[in-house]
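Asks: Sequence:
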Amino acid sequence: MKRRKMVVAAGFCLSFLMGTLMNLLFIPGFEPHGERVHRHRHHENRQQPDADAPARLHVDELPPVLTATVGRLPELQRQIRERLDEVLRYRQRRAHWVGTGPLERRRLMDLEQRGEGATHKGIGKNNNYDQSQPTVSIATKSHREFTRESVLGCGSIDNVTNVQYLGSGYTKAVYKATLNSSFSVALKSVDFGGHDMENCVKKYGSSTDCYKLASFKIVKEMTLMESLQHPNILKLYGYCYQDNNDIKDTVTAITELGSPLEMIQLLQTPWEERFRICLSLMRLLHYLAHSPLGSVTLLDFRPRQFVLVGGVLKVTDLDDASVEETPCSPSSPSDCLMEFPARNFTLPCHKDHCEGINEKRNLYNAYRFFFTYLLPHSAPSALRPLLDKIVNSTGELIWDTDETLVHLEKVLDIYRNGHYLKNNTQTHKTEYKRVSDASIAAENYRCWPSYQHDGCLLSVFSIDEAIDVCESHAQCRAFIMTNQSTWTGHQLALFKTGAASMTTAPGRLAYIRLGAAES
Numbered sequence: 001m002k003r004r005k006m007v008v009a010a011g012f013c014l015s016f017l018m019g020t021l022m023n024l025l026f027i028p029g030f031e032p033h034g035e036r037v038h039r040h041r042h043h044e045n046r047q048q049p050d051a052d053a054p055a056r057l058h059v060d061e062l063p064p065v066l067t068a069t070v071g072r073l074p075e076l077q078r079q080i081r082e083r084l085d086e087v088l089r090y091r092q093r094r095a096h097w098v099g100t101g102p103l104e105r106r107r108l109m110d111l112e113q114r115g116e117g118a119t120h121k122g123i124g125k126n127n128n129y130d131q132s133q134p135t136v137s138i139a140t141k142s143h144r145e146f147t148r149e150s151v152l153g154c155g156s157i158d159n160v161t162n163v164q165y166l167g168s169g170y171t172k173a174v175y176k177a178t179l180n181s182s183f184s185v186a187l188k189s190v191d192f193g194g195h196d197m198e199n200c201v202k203k204y205g206s207s208t209d210c211y212k213l214a215s216f217k218i219v220k221e222m223t224l225m226e227s228l229q230h231p232n233i234l235k236l237y238g239y240c241y242q243d244n245n246d247i248k249d250t251v252t253a254i255t256e257l258g259s260p261l262e263m264i265q266l267l268q269t270p271w272e273e274r275f276r277i278c279l280s281l282m283r284l285l286h287y288l289a290h291s292p293l294g295s296v297t298l299l300d301f302r303p304r305q306f307v308l309v310g311g312v313l314k315v316t317d318l319d320d321a322s323v324e325e326t327p328c329s330p331s332s333p334s335d336c337l338m339e340f341p342a343r344n345f346t347l348p349c350h351k352d353h354c355e356g357i358n359e360k361r362n363l364y365n366a367y368r369f370f371f372t373y374l375l376p377h378s379a380p381s382a383l384r385p386l387l388d389k390i391v392n393s394t395g396e397l398i399w400d401t402d403e404t405l406v407h408l409e410k411v412l413d414i415y416r417n418g419h420y421l422k423n424n425t426q427t428h429k430t431e432y433k434r435v436s437d438a439s440i441a442a443e444n445y446r447c448w449p450s451y452q453h454d455g456c457l458l459s460v461f462s463i464d465e466a467i468d469v470c471e472s473h474a475q476c477r478a479f480i481m482t483n484q485s486t487w488t489g490h491q492l493a494l495f496k497t498g499a500a501s502m503t504t505a506p507g508r509l510a511y512i513r514l515g516a517a518e519s
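Counting in full-length UniProt numbering, the sequence shown runs from 1 upward without gaps.
Calculated from the structure, these hints are not laboratory results.
One or more of the hints may lead you astray.
[As the list claims (entries may be wrong)] Derived EDC-like pairs: lysine to aspartate or glutamate, alpha-carbon spacing no greater than 16 Å straight-line:
#1 410 / 431
#2 422 / 388
#3 176 / 196
#4 433 / 388
#5 235 / 249
[As the list claims (entries may be wrong)] Distance ranges between label pairs, derived from CB positions:
#6 303 / 389: 37 to 43 Å
#7 398 / 151: 53 to 59 Å
#8 334 / 464: 24 to 30 Å
#9 463 / 92: 54 to 60 Å
#10 162 / 195: 25 to 31 Å
#11 418 / 507: 38 to 44 Å
#12 183 / 504: 34 to 40 Å
#13 373 / 418: 23 to 29 Å
#14 412 / 373: 36 to 42 Å
#15 304 / 386: 56 to 62 Å
#16 331 / 402: 28 to 34 Å
#17 454 / 380: 20 to 26 Å
#18 266 / 389: 48 to 54 Å
Computed from a prediction, not measured in an experiment: that's the story for all the values here.
Quick reminder that beta carbons are idealized off the backbone N, C-alpha and C, glycines included.
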């Protein structure tokens, strides 16, 4: 009995010892409460930023980094290195490098070597991690190597006025600013309170290195804006590097300013303007399919990635663009599967790459986000069969960008030259009196879709078309041929319910239905 008690006691002691050993070996790292409180008070005594300064995320304001975080830092270094390599690849792919000679190539090679050395050096310091020092010393100032001399720089934005926040995404914040009280631009910079920065700092504990990771997206976008010169790509006017609090050389891109796409508003605009947007988009996608860098796909293809500049569609967000073609094996058809919410496509595997996948992805996204909603509705009846064919062919990926653009340009030619109008040789139902240099001040009515929200302002190819429109509207008794024209050369006509308020207006022509002057 005594021996049995001794065995039980020994077993209990052994299990307690093993449990304690396991806890010592595998328990997650933690920080004593007293030390956390002490460090928190230490940070409270640090100098606070100016109350008027914009709120920013500082690593010193975060809880101390746990031991487990240190082991994740090489992953952050790897991501920074990958983004650096991506920008370098785009520089090497560029067909016509402006101002690049042997010296510039040498500087990029030196940058690459510095980046590799700094990465290995940073990894070696992980055991003595100090969050006040960057773990990766790929200098942010090296971003300067990626952008050629531009027109606008730091001096251009030192005294900007009318700064207005426009919006932000995962990485960037965009502001509108006025230069010299006359020229408006967009300023793009890393959003310190954005999704990418906040998640990165929470995970890795280094705001400096997380900023580098995020800022390479802006550098990539600037690189692509320089390399891809096209009327439907937003213009890069310049850039600026400035020290910002505890982060040196923060980058700001200075670009052309556009207005965001509002799809609900676009559905209410005249067909001619919606067609212009679709044509602009197709010209862009055709260029991207044959760009100097290769076939470029827009991985984040949504209306919010585009803006309108003077009615012309331009892509504004290129940080998620890619020229990488998907690799494949002829024996594995699933390698070339393109998945979309409504349907999927399997493309052929040619020379170990999915044939035309970048081009086809762009084209189908154009169909589902733009063509379906903007092309057919309220179009001239003679153009609808051709427009339906364009929509159906892009929705089935029957055509590539070349053929799609050919058909859209054909639509433009038909519309611009008035070939969509019926060859109507018969006279109109009503005669009209022409009055030169005249307009009608009041007597408006609304029609849809109109260029004027409180009146009926439509584009017409000719006087005959304007008369046809007037006779198709029950309330129309007169119309004014303005001296304004649209981008296709069509003239704007303002339709009226009467002509009692006629006034003098040089350059305009009034057409009044006979017998309607007193109505």
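Asks: Among all the numbered hints in the text so far, which are the ones the structure does not match?
Replies: 1, 2, 3, 4, 5, 6, 7, 8, 11, 14, 15 and 18
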